[in-house]
Amino acid sequence: MTSSFTNIIKGDVITVDHPEYISSLARWAKNAERKARVVVFVKDADDVSRSIIYAKENNLQIAIRGGGHNAAGASSAEDGLVIDLSRYLQGVRVDAKEKLAYVGGGALWKHVDAEAIKYGLATVGGKVNHLPPVKTGVGGLTVGGGHGYLSDRHGLTIDNLKRVTIVTASGATLTANESENEDLFWAVRGGGSNFGVVTEFVFQLHPQRATVFAGAILFPVQKAKELVEATTKWLENIKADESMTQVYAVDDSGKLLIAAFVFFNGSEEEGRMKFKSLYDIGPAVDLAKEIPYEELNGLMGTELDHGKSYYLSGLSQKKPCYEATVELIQIGFEYMSQAKVNSVPVSATAFRRQLAYNILCNIQWDGEGPDRTDEARLLAREMTEIILRGQGTLSEAEKQGYTNYGHGKPHQA
Numbered sequence: 002m003t004s005s006f007t008n009i010i011k012g013d014v015i016t017v018d019h020p021e022y023i024s025s026l027a028r029w030a031k032n033a034e035r036k037a038r039v040v041v042f043v044k045d046a047d048d049v050s051r052s053i054i055y056a057k058e059n060n061l062q063i064a065i066r067g068g069g070h071n072a073a074g075a076s077s078a079e080d081g082l083v084i085d086l087s088r089y090l091q092g093v094r095v096d097a098k099e100k101l102a103y104v105g106g107g108a109l110w111k112h113v114d115a116e117a118i119k120y121g122l123a124t125v126g127g128k129v130n131h132l133p134p135v136k137t138g139v140g141g142l143t144v145g146g147g148h149g150y151l152s153d154r155h156g157l158t159i160d161n162l163k164r165v166t167i168v169t170a171s172g173a174t175l176t177a178n179e180s181e182n183e184d185l186f187w188a189v190r191g192g193g194s195n196f197g198v199v200t201e202f203v204f205q206l207h208p209q210r211a212t213v214f215a216g217a218i219l220f221p222v223q224k225a226k227e228l229v230e231a232t233t234k235w236l237e238n239i240k241a242d243e244s245m246t247q248v249y250a251v252d253d254s255g256k257l258l259i260a261a262f263v264f265f266n267g268s269e270e271e272g273r274m275k276f277k278s279l280y281d282i283g284p285a286v287d288l289a290k291e292i293p294y295e296e297l298n299g300l301m302g303t304e305l306d307h308g309k310s311y312y313l314s315g316l317s318q319k320k321p322c323y324e325a326t327v328e329l330i331q332i333g334f335e336y337m338s339q340a341k342v343n344s345v346p347v348s349a350t351a352f353r354r355q356l357a358y359n360i361l362c363n364i365q366w367d368g369e370g371p372d373r374t375d376e377a378r379l380l381a382r383e384m385t386e387i388i389l390r391g392q393g394t395l396s397e398a399e400k401q402g403y404t405n406y407g408h409g410k411p412h413q414a
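Numbered per our numbering, the sequence shown spans residues 2 to 414.
Because the hints were derived from the structure by calculation, they are not lab data. Wrong hints could be hidden among the right ones.
Below, in silico cross-link-like pairs of lysine to aspartate or glutamate (DMTMM-like), each with a Cα-Cα straight-line distance of 20 Å or less [as the list claims (entries may be wrong)]:
(1) Lys-275 - Asp-287
(2) Lys-240 - Glu-201
(3) Lys-163 - Glu-116
(4) Lys-226 - Glu-237
Label-pair ranges, simulated between beta-carbon atoms [to be verified]:
(5) Thr-176 - Gly-283: 50 to 58 Å
(6) Leu-175 - Glu-386: 14 to 22 Å
(7) Ala-349 - Asp-375: 37 to 45 Å
(8) Ser-268 - Arg-378: 21 to 29 Å
(9) Leu-175 - Lys-100: 41 to 49 Å
(10) Thr-16 - Ser-171: 23 to 31 Å
Every residue, glycine too, gets a C-beta built ideally from N, C-alpha and C.
Taking the hints into account, I'd like the entire structure generated from these sequences.
Now the structure itself:
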């Protein structure tokens with residue numbers, strides 16, 4: 002590391018002998034951590050540009066770190082250079098009159114949610130806002146497409162993206178939107194971080210009520226068949242503003258449960274009517290209630306602890322399947338109306354749109370133990386085959402999952 006590079010960086014340059022080196026490598030998933038040669042906590046686009054040029058001159062692989070919430074190591078670089086946006090580029094500014102949010106490339110979704118709702122506004126973010134030290138960043142979700150609770154009303158995150166400030170591989174800082182650098186703007190909406198480092202996102206905001214009905218409704222696994230039937234019935238009449246994510250887990254006593262995380266963008270009274278078919282089954286525990294909107298994205302993911310190792314695999318599902326439901330436990334099924342998402346022309350962005358529901362295979366193990374990624378990969382394939390058996394004949398395109406649920410996908414994390 003030359004002192005000349007350190008001297009031209011406004012932010013912080015961390016190398017192996019720096020006291021912050023070990024902490025600068027920490028990620029949500031232990032198996033995503035890599036021993037970088039240098040980590041640069043950038044302060045602005047100029048820092049990003051200088052870091053890119055330095056990495057190219059020294060043949061260093063580059064990784065981009067926003068929130069670091071990625072299991073594949075996309076935000077880490079073995080013996081490379083990490084451009085870390087998380088320390089200084091976390092700002093969120095809301096223009097309530099124009100209904101726009103100006104968001105730093107290293108900001109977290111919880112920052113966006115909390116700031117926008119002060120003005121009765123919101124945009125489409127993710128579904129998981131972890132508590133520190135786990136952080137879910139804006140950047141990775143956005144450039145990968147972005148599904149969220151509000152997608153059935155407002156589309157994907159990228160459908161609400163109005164502009165980006167991006168530093169390209171040449172070190173140039175550009176503005177990209179529908180009228181300026183249009184090809185680049187098309188590419189960053191679903192094409193991942195292959196096209197540069199986004200230092201600022203500008204999102205369209207929408208009016209949002211202060212409270213929503215949401216939470217987990219827990220069922221014993223013995224009621225899986227009834228739950229699948231109730232879910233199928235509910236899906237037949239699903240509307241915008243309602244969705245459900247089902248996950249399978251074990252409680253503290255070792256009992257297998259099915260948790261249906263329900264969401265309705267309205268009052269508790271209306272929400273309970275929307276999910277009447279589930280309540281008619283007779284849940285073991287009902288945790289759903291009316292909550293402040295900004296707490297919504299913190300409901301799920303509490304079991305995804307920082308420091309464990311993870312392998313994620315995504316695919317899609319046209320309909321619920323009882324056989325797959327009872328055979329799989331550590332998996333998540335997302336059900337919501339896809340009408341708004343699929344109303345956007347396929348050619349409008351780099352994101353592949355589909356008339357299907359998202360599935361996430363989440364496999365985790367002790368982060369301090371031996372690497373078990375190969376075992377996890379094989380298990381994910383087995384889980385995928387179980388699900389696909391219940392879906393009839395599908396094309397290869399129909400089998401593909403949501404980009405942000407893939408392991409090893411090259412996107413900003």
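These are the hints, each one checked on the structure:
1. Lys-275 - Asp-287: Holds, at roughly 15 Å.
2. Lys-240 - Glu-201: This hinted pair is violated, its Cα atoms lying about 33 Å apart.
3. Lys-163 - Glu-116: 18 Å, holds
4. Lys-226 - Glu-237: 17 Å, holds
5. Thr-176 - Gly-283: 50 to 58 Å: 55 Å, holds
6. Leu-175 - Glu-386: 14 to 22 Å: 44 Å, violated
7. Ala-349 - Asp-375: 37 to 45 Å: With Cβ atoms ~38 Å apart, the hint holds.
8. Ser-268 - Arg-378: 21 to 29 Å: 44 Å, violated
9. Leu-175 - Lys-100: 41 to 49 Å: Distance hint for Leu-175, Lys-100 is violated at roughly 24 Å.
10. Thr-16 - Ser-171: 23 to 31 Å: Hint holds: Cβ distance 25 Å, inside 23 to 31 Å.
Of the numbered hints stated above, those contradicted by the structure are hints 2, 6, 8, 9, listed in ascending order.
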